[in-house]
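A.B. asks: This is what each chain is made of:
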Amino acid sequence: MIESRILKGLDLFRGGFEKAGVDYPMMRSILQIKLIMDGRRVPTIVAGGNSRKKRQTSLGLTYVEEGNSFIRSLWLYALMGLMLVPIVLYGDNYIFQMSIVFGIMMFLVMTSLISDFSSVLLDIRDKTILFTKPVNRKTINMAKLIHILIYMFFVTGTLAAPSLIAGLVDHGVLFFLIFLVETILMDVLIVVLTAVLYFFVLKFFDGEKLKDMINYVQIALSIAITIGYQLVSRLFNLVNLTGHFQPKWWHIFLPPLWFGSPFETLLHGTRQSHYLIFTMLVIVVPVLMLFIYIRMMPAFERNLQKLSDQSVRAGRAGGRLTDLIAKWVSGSREEETFFRFAAKMMSTERDFKLKVYPTLGFSIIFPFIFFFLDFHEGGLQGIASSRMYLFIYFCALLVPTVVMMLKYSGQYKGAWIYQIAPISHTAPIYKGTLKAFLARLLIPMFILESIIFLAIFGVRILPDLLDVLLMLPLYTLISFMVLRKALPFSEAFEATQQKEAMLTIPLMLILGVFAGIHYLSTEIPYGVYIYMGLLLVLNVAGWKTVFRRTSSSQLTSGQEVDG
Amino acid sequence: MENREPVITIRDLRMKYSDRYVLNGIDLEVFKGQIIGYIGPNGAGKSTTVKIMLGLVEGYTGEVKILGTDISSGDISYKRRIGYVPEIAEVYDTLTAKEYLTFIGELYGITREAADEKARRLVDCFGLKEAYNSRISSYSKGMRQKVMIISSLLHNPDILFFDEPLSGLDANSVMVLKEILTLLAEQGKTIFYSSHIMDVVEKISSRIVLLGGGQILADGTFSELKDRSKEGSLEQIFNQLTGFNEHRQIAEAFVAAVQEA
Chain A
1 MIESRILKGL DLFRGGFEKA GVDYPMMRSI LQIKLIMDGR RVPTIVAGGN
51 SRKKRQTSLG LTYVEEGNSF IRSLWLYALM GLMLVPIVLY GDNYIFQMSI
101 VFGIMMFLVM TSLISDFSSV LLDIRDKTIL FTKPVNRKTI NMAKLIHILI
151 YMFFVTGTLA APSLIAGLVD HGVLFFLIFL VETILMDVLI VVLTAVLYFF
201 VLKFFDGEKL KDMINYVQIA LSIAITIGYQ LVSRLFNLVN LTGHFQPKWW
251 HIFLPPLWFG SPFETLLHGT RQSHYLIFTM LVIVVPVLML FIYIRMMPAF
301 ERNLQKLSDQ SVRAGRAGGR LTDLIAKWVS GSREEETFFR FAAKMMSTER
351 DFKLKVYPTL GFSIIFPFIF FFLDFHEGGL QGIASSRMYL FIYFCALLVP
401 TVVMMLKYSG QYKGAWIYQI APISHTAPIY KGTLKAFLAR LLIPMFILES
451 IIFLAIFGVR ILPDLLDVLL MLPLYTLISF MVLRKALPFS EAFEATQQKE
501 AMLTIPLMLI LGVFAGIHYL STEIPYGVYI YMGLLLVLNV AGWKTVFRRT
551 SSSQLTSGQE VDG
Chain B
564 MENREPVITI RDLRMKYSDR YVLNGIDLEV FKGQIIGYIG PNGAGKSTTV
614 KIMLGLVEGY TGEVKILGTD ISSGDISYKR RIGYVPEIAE VYDTLTAKEY
664 LTFIGELYGI TREAADEKAR RLVDCFGLKE AYNSRISSYS KGMRQKVMII
714 SSLLHNPDIL FFDEPLSGLD ANSVMVLKEI LTLLAEQGKT IFYSSHIMDV
764 VEKISSRIVL LGGGQILADG TFSELKDRSK EGSLEQIFNQ LTGFNEHRQI
814 AEAFVAAVQE A
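Each protein sequence line maps, in turn, to chains A and B. Here the numbering used here is used: the first residue of the first sequence is 1, the next is one more, and so on. Here the numbering used here is used: the first residue of the second sequence is 564, the next is one more, and so on.
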């Protein structure tokens with residue numbers, strides 16, 4: 001087991017800990033338990049996959065599976081670490097290369113620390129469970145710190161290892177040593193920065209705000225990784241790595257540049273004052289921050305209490321717009337109820353946001369990635385006069401995925417309410433939920449996208465955008481028909497099925513068909529308007545009939561496949 | 564009883580959150596073998612008192628001595644002789660009962676093997692044998708509560724702090740636990756028992772301390788309290804002493820609201 005190997009390694013430092021007044025055996029058992037628990041969490045970075053295999057007993061209880069899901073997630077970091085290698089090997093322009101390397105590493109390590117390790121930093125159960133036991137505070141705090149450091153060791157280790165080796169081979173031992181020491185300093189800086197960030201958020205806001213913030217960082221991480229894959233190959237075109245770099249005073253606010261500087265001063269013998277100052281900052285700031293952190297630890301623990309406080313706050317005055325839209329688009333009172341319920345769930349349920357919002361962000365950016373591909377050929381002018389606005393269809397790629405996700409929720413157990421409420425048929429439930437998805441997620445995103453497209457292509461594409469706008473509800477409906485139907489928010493995310501996810505691929509092809517028809521319609525006079533009329537008719541007919549077919553189905557728990 | 568050394572001594576205990584006093588001068592002496600029913604309305608300061616004694620809450624004024632140790636002295640060895648069941652069953656629920664209980668045992672300074680052996684026997688008594696190697700996250704509320712109770716007794720403590728220990732337990736388990744408490748008290752353990760269920764408090768407590776507005780409103784055996792307030796049940800005494808007599812009006816307003824269209 002990996003846990004016991006980590007702890008054996010730690011045993012080497014036993015004497016040091018005991019000198020510092022730490023009860024070592026106690027700290028060791030706390031760490032052991034924490035590491036076991038880590039192994040059973042699913043990190044954000046692999047949360048999409050179905051990595052959990054559970055064995056059920058007759059009692060319906062879950063047995064522990066072997067293996068550590070955290071360690072298993074490390075290969076993804078190793079993969080990203082490999083992407084850094086070409087940057088390290090590119091040449092001798094260290095300030096550029098290494099600032100980029102450290103920039104990427106800092107971003108990845110910090111986001112992964114926030115998204116996956118916040119639960120450790122912020123675990124309030126520690127207080128009731130550990131503080132009531134005869135264990136001194138120093139031991140508990142040290143266990144917490146070591147726990148975070150073990151995590152950092154693995155993440156930065158796998159992330160930096162490929163570039164470290166490449167650096168050793170290509171640039172020599174001194175380069176390797178500078179790189180290694182700086183990586184450690186970077187870790188210290190990041191741990192303290194994150195803790196300080198939490199400290200201030202907790203000081204001025206309440207725990208819910210912090211949980212929201214962590215949620216958004218998780219979303220940002222998912223978006224960044226997806227887009228990162230797309231952009232990394234183009235990175236070298238965007239930045240001129242061979243150009244001469246002239247440091248400016250305001251570069252002092254860019255920590256990655258600090259980390260690039262020692263390579264210049266120590267390896268190239270650059271004596272420019274900017275580089276010397278940056279090199280000093282690399283050492284001074286992390287060490288200084290560490291002292292501040294140790295000082296702040298007790299105050300931090302006190303603020304942590306806020307996480308468990310149930311603050312009774314009056315609900316925000318907002319939601320009027322949702323109410324208005326709900327009334328306007330709903331056919332019945334039941335439908336209106338489920339519209340509002342689904343809209344609320346989509347905007348507040350953290351697990352749902354974590355799964356769906358990255359796709360949303362990706363959909364906004366996706367159409368533009370293709371512009372980049374063609375950018376250098378015709379320039380902006382060339383794009384504006386083309387029919388490339390049809391790339392806006394790419395922003396509907398998320399529809400099948402989200403329609404599939406609407407079944408799931410982190411709080412799926414609350415779905416018992418469907419069973420006991422006197423709801424005669426499911427049609428208003430599905431209708432309301434899909435309309436809420438259109439009105440609260442898809443169409444706002446499409447409008448945002450349209451504004452950018454109008455700015456690039458001009459008002460001439462307005463009828464085409466209207467076509468796409470009409471296509472969205474129809475496409476949503478088709479996705480709903482094809483995919484397995486289950487009551488909204490009624491199943492656990494872990495129940496996501498591979499087979500069903502495969503169904504989204506033919507659905508994406510259908511989107512291509514829509515785009516194809518649209519393209520052809522631009523070839524014939526008034527074609528765009530004929531297409532528009534066609535979509536309108538299909539929408540009205542579709543939304544009228546599809547639910548009639550499903551409404552006869554019994555209101556069953558989400559487990560059954562119908563339709 | 565009074566000529567013996569008290570197990571818990573609290574003198575003029577005050578605690579202020581922001582600008583409101585939650586505890587407003589508590590004086591209390593608790594002796595060996597007593598089962599204290601520590602009752603009071605929501606927000607009376609029950610949990611705060613218990614949390615101060617466990618060292619979870621700091622910033623109080625006054626003196627708290629447990630087993631002769633002033634708890635503000637920084638000497639935490641007294642915690643070795645305390646068992647605690649918190650009101651909300653906070654537990655590392657990705658662990659199995661075996662892992663969790665042996666871990667808690669270790670924190671109390673018991674070896675892993677001894678803790679496992681003892682936990683196994685206690686779990687067996689509570690009928691959780693099947694679930695011992697399953698994750699706590701898959702447990703029902705009552706099963707979790709049993710794990711909490713076992714975790715508070717693994718190290719054979721002298722003082723027990725039980726905050727709503729019966730929540731989620733079925734009627735049979737409640738009977739077992741009540742019997743356990745009585746037997747433990749007979750063996751000289753002190754039990755500090757907070758609950759909102761007055762019937763149980765009335766039956767098992769050898770002494771009842773009623774808290775209201777951060778102060779002790781009444782302190783004595785059930786019969787003493789009954790003599791003093793001339794009411795029949797502890798529930799009625801509770802209502803009378805906390806000055807609550809509008810239950811009828813509130814219930815009527817509630818039902819009226821239910822029946823409105």
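For the record, the hints were derived by calculation from the structure and aren't laboratory data. Some hints here could point you the wrong way.
Claimed, not checked - Taking lysine-lysine and the DSBU-like style, the derived pairs with C-alpha atoms no more than 30 Å apart in a straight line are:
id, chain 1, residue 1, chain 2, residue 2
1, A, K138, B, K628
2, B, K595, A, K211
3, B, K595, A, K127
4, A, K127, B, K661
5, B, K793, A, K127
6, A, K413, B, K704
7, B, K766, A, K499
8, A, K413, B, K692
9, B, K661, A, K544
10, A, K138, A, K248
11, A, K209, B, K741
12, B, K628, A, K127
13, B, K681, A, K8
14, A, K211, B, K579
15, A, K544, B, K579
16, B, K789, A, K127
17, A, K203, B, K595
18, A, K353, B, K628
19, B, K741, A, K344
20, B, K579, A, K209
21, B, K661, A, K8
22, B, K661, A, K138
23, A, K138, B, K692
Given the structure is predicted, the values throughout are model-derived calculations rather than measurements.
A.B. asks: Which hint numbers doesn't this structure obey?
C.D. replies: Numbers 2, 5, 7, 9, 10, 11, 15, 16, 17, 18, 19, 23 - these are the hints that the structure violates, sorted from lowest upward.
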